[in-house]
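Working from the sequences, and respecting the hints, build out all of it.
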Amino acid sequence: MTAYRPGIEAEACAVIADAAARGTPLCIAGGGTKAEIGRPAQGEATLSAAGLDGITLYEPAELVIAARAGTPLAEIERTLAEKNQRLPFEPPDHRALLGSAGEPTIGAVAAANLSGPRRIQAGAVRDSLIGVRLVNGRGEVVRSGGRVMKNVTGLDLVKLMAGSWGTLGLITEVTFKVLPEAERVATLLLPGLDDARAIEALCAAVASPFEVTGAAHLPVALGQEARTLIRIEGFSFSVDYRLGELRRLLRRFGAAEVLEGAVADALWCAVRDAMPLAEPRDKVLWRISTAPKRGPALALSIAQRLEARWFYDWSGGLVWLATEPSGDAGAAVVRAAVKQAGGHATLIRAPAEVRAAVEVFEPLPEPLMRVTRDIKAAFDPARIFNPGRMYAGI
Amino acid sequence: MTIAFPTPDATILARREDILRGLSRLVAPEALIVSEDERRAFETDGLTAYRKLPLAVVLPSTTEEVAAVMRFCHENRVKVVPRGAGTSLAGGAIAQEDAIILCIAKMNRVLAVDFENRTARVEAGITNLAISQAVAHEGFFYAPDPSSQLACTIAGNIAMNSGGAHCLKYGVTTNNLLGVTLVMNDGTVVEIGGEHLDSPGYDLLGLICGSEGQLGVVTEAVVRILRAAEGARPALMGFETVEDAGACVAAIIGAGIIPVAIEYMDRPAINICEAFAHAGYPLDVEAMLIIEVEGSDAECEDMLRRIVEIAKPYRPKTLKVSQSEAESAAIWKGRKSAFGATGRISDYICMDGTIPTGQLPYVLKRIDEIVTAKGLRVANVFHAGDGNLHPLILFDINKPGEMEKAERAGEEILKLCVEVGGCLTGEHGVGIEKRDLMRCQFTEAELQQQMRVRAVFDPGWLLNPAKVFPLEGRVAA
Ligand SMILES: Cc1cc2nc3c(=O)[nH]c(=O)nc-3n(C[C@H](O)[C@H](O)[C@H](O)COP(=O)(O)OP(=O)(O)OC[C@H]3O[C@@H](n4cnc5c(N)ncnc54)[C@H](O)[C@@H]3O)c2cc1C
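Just so you know, the sequences run in chain order A and B.
Counting from 213, one number per residue, gives the positions in the first sequence under the numbering used here.
Counting from 890, one number per residue, gives the positions in the second sequence under the numbering used here.
Rather than coming from a laboratory, the hints here were simulated on the basis of the structure.
Treat the hints with care, as some may be off.
Far from chain B by the CB rule (all over 12 angstroms, computed), these chain A residues [to be verified]:
1) G244
2) A308
3) G466
4) L512
5) A544
6) A553
Quick list of in silico lysine-lysine cross-link-like pairs, DSBU-like style, CA-CA up to 30 angstroms [as the list claims (entries may be wrong)]:
7) A:K295 - B:K941
8) B:K1209 - B:K1254
9) B:K1225 - B:K1201
10) B:K1201 - A:K295
11) B:K941 - B:K1304
12) A:K495 - A:K551
Okay, the calculated bits of chain A under chain B, using three or more residues with CB under 8 angstroms as the criterion [stated by the list, open to error]:
13) 265–274
14) 328–338
15) 366–377
16) 386–394
17) 481–495
18) 581–591
Here a beta-carbon is modelled for each residue, glycine too, at the ideal position from N, C-alpha and C.
Laid out in structure tokens, this is it:
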């Protein structure tokens, strides 16, 4: 298979225009660390953004950073850390989960729109992504958004690119809004709660005025005592105050322990990366978004029909669920439960045969599928970008 | 009067009676407005210099009625301009003789509130403020707070992706919207999003938000409601130079502090607002900042102390930390009445470009030069934390040619915003007002890409058709 790795955008335009003319389907890649997410792509050549490298703008006082799509995420995070800043949405690193190697790139962070625990307070990737440059399926450069935080000029194509998994165009540059790093982080740990009580506690904390930036629950079935985690961040003075208030507020859920430093950081990284379910490796993994209070009932209804283990992030609104790869990998049961509760499910980890046989992304009702097909055609009329990776025919 | 309208479609005008008869079968008699007198109330929006009578106005009460009207208009090739409260400053809700206005303002109920999940489902004609009022008894609020929040609808907010004074911390509409019920051009009703986060497939919710009524009619919305902070406190600082004020904002943010609001006013704006609101603003400074922080009393105090410390090197001439609810209200009253107070002393147009905040001193100087060269005056009030400018260009409508001069100055200012790395509009939308400037910000390929996406929803250009995209060079499907 031919592998293109353009070093400049113009070269990417030429590769794409040529592929469009010949009808050659392209697998779009960054560092390749998420190559195993999605339906198996049907490309005849690979087009990697990894050669489009480098931070192009960083203005700490304006809270904005821009970089070419192939810039390693690690380089972005390092650069921001030097100025005590960070990406607000806490991008997960799923390499360990997926058993993939390589360097995640910032363009793929945008294209996947996967956000970590801070999603509930600071928004998703798409909320921080304020500008993109892309090459569409005609080989044309298209910019949308920009480097300013408030911008309503024209249709918001930035949002379409976030979470498009390389099916609409090759992202060549992204611009993100960033936030200051917190002076201090502290986590309240409530031990021993069952799912329903735990989610009740998390929702009470999130609905308080105390600005919770992480709310997760690791049930007892994961092999340790159940742990319910509530994170707050900010200036030290304020963190102390809010810790006290939250403890009082949550008294009815038992005595809380305060975690700080490396232990707590490691816990939140594990939650972010879905590590509690990384093993055993042969299990498939579903990532389910629903209304927080409906999380426990949803997990339970799946568990009545499937052998499953799970944990919660996003105050109960994000359910990570592991089950057997056999049959349809639980798709029918999971989809039915999600339909009942409202939300959507993505099969994040599964063998290629499974991903070829069952829908990986939530199936859409026909009117929205029609819109999806037409949007694809509006960007990529020759259907060369990652054909079939999100949905058959897209 | 420099903005052109397309020539109305003569075949539609000729079929007016037919069309009215068809519409009358779809909605209750009182929901169809046909008389010239009553249509007058809908001939303009917040861009009052432009007026066009619509063919008719329909005021539906249900999503089903909206769907029926849309289907009918689709089949009969009648143009539709969706409308909420008509406060758009970009002319986004102005229709024409061959178009009906579909106004959803009567659909204004709260359908469900879920405090634990932090969501509210509302009919889209509800006003922005009414959402906050409906959840206030539990200490919650809906965060984006445009100054027009008493009047403007959530539908209009969604269409314009409206912002407000507090969006530095809480984001704009798109960051607080979880779902919509959308009636598509042919009357198909779809649910996009819901009570959960993020979208399966493409982010259609993000695309609908800010699409200015061109992709469908929003009839319901699910919005994120937030628990309000325990308290909030503003401080007011006056500076001798624009540079000092700008550098102070940069220093605060650089120190890792994100206040919930940083509002900026220049000398003319301070004078206008102080005369109107008696807010206690300093009259001897060139620039003033209102900086608000949130939290418990002690947290606010701690944060304001840090901010005051950071501000010192920029030698604030006035420094007033609010000591009471009443003082806080007074500080905000001046700012929130800026447009109204300006309107009492002069005609004005309000611009809405955004710039990188580092360019503030340069851009303010250039704005002053541009406006002065036209023999006019300008007052600046804006959201300094995010660089969203609102120059108010003052003119006298009774002096022939002045309004055109003001419009031309506005154009030059917006071009300047794009030149320095910003954009034409930060929160008011393109509408008709900035439609013809779109080529300053976008290349032909970029506009074509946007129009191809638009065509997915409305290939026949029937939905709010004269807006956003320059009238020449439009693409169909
Ligand atoms: C004094 C004043 C202060 C303002 N302050 C601010 C501010 O601080 N921040 C800010 O962002 N804006 C501000 N605005 C601008 C304006 O209030 C906003 O753009 C507002 O969101 C418009 O809401 P509306 O209900 O009046 O919508 P309209 O003016 O009725 O319509 C606006 C747009 O929305 C479309 N639309 C309306 N209803 C629907 C629907 N159901 N489905 C699809 N499309 C629809 C219309 O076609 C039009 O394009 C201000 C305006 C005024 C007059």
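| request: Kindly indicate which numbered hints from before are broken by the structure, ordering the numbers from low to high. | output: 6, 7 and 17
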